[in-house]
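Please arrange chain Z on chain D, whose structure you already have, making use of the hints.
There are 2 protein chains.
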Amino acid sequence: MNGVRAILFDVFGTVVDWRGSLIRDFSAWGADRGLTVEWAGLVDAWRGAYVPSMNRVRTGARGWANLDTLQRESLDEIGGQFGLPKALSEADRDYLVHGWHRLDPWPDAVPGLVRLKADFIIAALSNGNVALLVNMAKRAGLAWDMVFATELFRLYKPDPKTYLGAAALLGLPPDAVMMAAAHNADLRAARALGLRTAFIARPYEYGPRQVGDLSAEEGWDIVADDIDDLASKLAKKAVLF
Amino acid sequence: MNGVRAILFDVFGTVVDWRGSLIRDFSAWGADRGLTVEWAGLVDAWRGAYVPSMNRVRTGARGWANLDTLQRESLDEIGGQFGLPKALSEADRDYLVHGWHRLDPWPDAVPGLVRLKADFIIAALSNGNVALLVNMAKRAGLAWDMVFATELFRLYKPDPKTYLGAAALLGLPPDAVMMAAAHNADLRAARALGLRTAFIARPYEYGPRQVGDLSAEEGWDIVADDIDDLASKLAKKAVLF
Chain D
1 MNGVRAILFD
11 VFGTVVDWRG
21 SLIRDFSAWG
31 ADRGLTVEWA
41 GLVDAWRGAY
51 VPSMNRVRTG
61 ARGWANLDTL
71 QRESLDEIGG
81 QFGLPKALSE
91 ADRDYLVHGW
101 HRLDPWPDAV
111 PGLVRLKADF
121 IIAALSNGNV
131 ALLVNMAKRA
141 GLAWDMVFAT
151 ELFRLYKPDP
161 KTYLGAAALL
171 GLPPDAVMMA
181 AAHNADLRAA
191 RALGLRTAFI
201 ARPYEYGPRQ
211 VGDLSAEEGW
221 DIVADDIDDL
231 ASKLAKKAVL
241 F
Chain Z
1 MNGVRAILFD
11 VFGTVVDWRG
21 SLIRDFSAWG
31 ADRGLTVEWA
41 GLVDAWRGAY
51 VPSMNRVRTG
61 ARGWANLDTL
71 QRESLDEIGG
81 QFGLPKALSE
91 ADRDYLVHGW
101 HRLDPWPDAV
111 PGLVRLKADF
121 IIAALSNGNV
131 ALLVNMAKRA
141 GLAWDMVFAT
151 ELFRLYKPDP
161 KTYLGAAALL
171 GLPPDAVMMA
181 AAHNADLRAA
191 RALGLRTAFI
201 ARPYEYGPRQ
211 VGDLSAEEGW
221 DIVADDIDDL
231 ASKLAKKAVL
241 F
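In order, the protein sequence lines correspond to chains D and Z.
Reminder that position 212 of the first sequence reads as 212 in our numbering, one-by-one numbering, no gaps.
Reminder that position 38 of the second sequence reads as 38 in our numbering, one-by-one numbering, no gaps.
Everything labelled a hint here was simulated from the structure, so no lab data went into it.
Being a predicted model, the structure only gives us computed values, none of them experimental.
Treat the hints loosely; a few may be bogus.
Identical copies go unnamed one by one, so any copy, or any two together, can satisfy a pair.
Claimed, not checked - Cut-off 27 Å, straight-line C-alpha distance, at most; resulting in silico cross-link-like pairs (DSSO-like, lysine-lysine):
1. Lys138 / Lys117
2. Lys117 / Lys237
3. Lys86 / Lys236
4. Lys117 / Lys236
5. Lys138 / Lys237
6. Lys233 / Lys117
7. Lys138 / Lys236
8. Lys161 / Lys117
9. Lys117 / Lys86
Just chain D, with the same shape it has in the complex:
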């Protein structure tokens, strides 16, 4: 697309399959320990606690805390409902919280990012913290040019300063930057600030019974089936414009 120099990617759900990865990882780990935990339920409830926990930071109800900290607190709150032992060791708790550092990419993500990297600056713009995103990228092979954890701003998306802050640090005006996400709300926030937008469909992010974000809800600049398709569509646009 004419004028786009950088693409910022939402990560959880857009680039990596957090739900499938965590259920696989924890089921194997739990089986080794003879734990009978309802892992799918725990993972869904844990993800459900994510937005409310961030909102307490966003509204100033509590001071800054990064995602690892919020996830650890949420796990302590919800774990018992799904059979997670109360007397979990600190090492076990670390293992589970760091499950969010070990998420597997959707199959199209690594090849799609490699294609895009040839023509664009590709960066994460995620509410995950720096350590989480760096560890994840290293393990999964995500070839980011830059990792914009919103932790760098001590804010969470959709705060406008996260989108505009990333563009400014890249030395680019907002319309030279495209936000790519599987979530319509993320793109709405980005478009309102002048960024370009790409919707990447992930209809199974929340499992087989997903109800939201099944498709593009507005006329985003690009609507793609996956990240590889985004690369193809951007290459075609570049020829057309």
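Using the frame of chain D, we list chain Z on its own:
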């Protein structure tokens, strides 16, 4: 080395040859325009203005300004002494300032970083701004896992918060992080905070008449001939410890 998880690299001089790159780049650019500028002198004077200009920010004599801004101001101050036309267009001034985004790596840097990346988190920790470091890495093929521009902290090295801030964002204690630099002062600042240290000799960084930082001035944890040698020495240490 036992316990080291991440290596933070100084960039200017340690990873890239700023002096040789700028003189080559500007000489070719000036020749195309029929300019008679004493480029080597200009580059040396420009680099000479770098520490005093940062010190004005460090001491609070002026508010935050990133390196691109400081370099642009310094160029305006010194350019005339070396024959740079006063009436330089904004595009030409941009070209020269962005010369610092187009620096070539020392020959050992790209292969050395690739080797290190297999076993360690490798990150830039540089006074260059985010745009500069990201553009440089993309052009030169520096496979950073993270780019810690000190701009992210709105501070410059050797402020302790830059070294400790990078370690904290990686979720690592200082002694799990190694600072690698061609400058003894950078390593002194890092060691005082508990980081491990690697000296990388760059005796021609400032050209054939370099007087400082010709060799290790203290017993740094590793003293290496170049970044490839650092990879070899760390691999050997890992076996020994």
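For each hint, the structure was consulted:
no., hint, verdict
1, Lys138 / Lys117, "both (16 Å within a copy, 9 Å between copies)"
2, Lys117 / Lys237, "within (16 Å within a copy, 35 Å between copies)"
3, Lys86 / Lys236, "neither (54 Å within a copy, 43 Å between copies)"
4, Lys117 / Lys236, "within (16 Å within a copy, 34 Å between copies)"
5, Lys138 / Lys237, "between (31 Å within a copy, 23 Å between copies)"
6, Lys233 / Lys117, "within (14 Å within a copy, 32 Å between copies)"
7, Lys138 / Lys236, "between (30 Å within a copy, 23 Å between copies)"
8, Lys161 / Lys117, "within (25 Å within a copy, 32 Å between copies)"
9, Lys117 / Lys86, "neither (45 Å within a copy, 38 Å between copies)"
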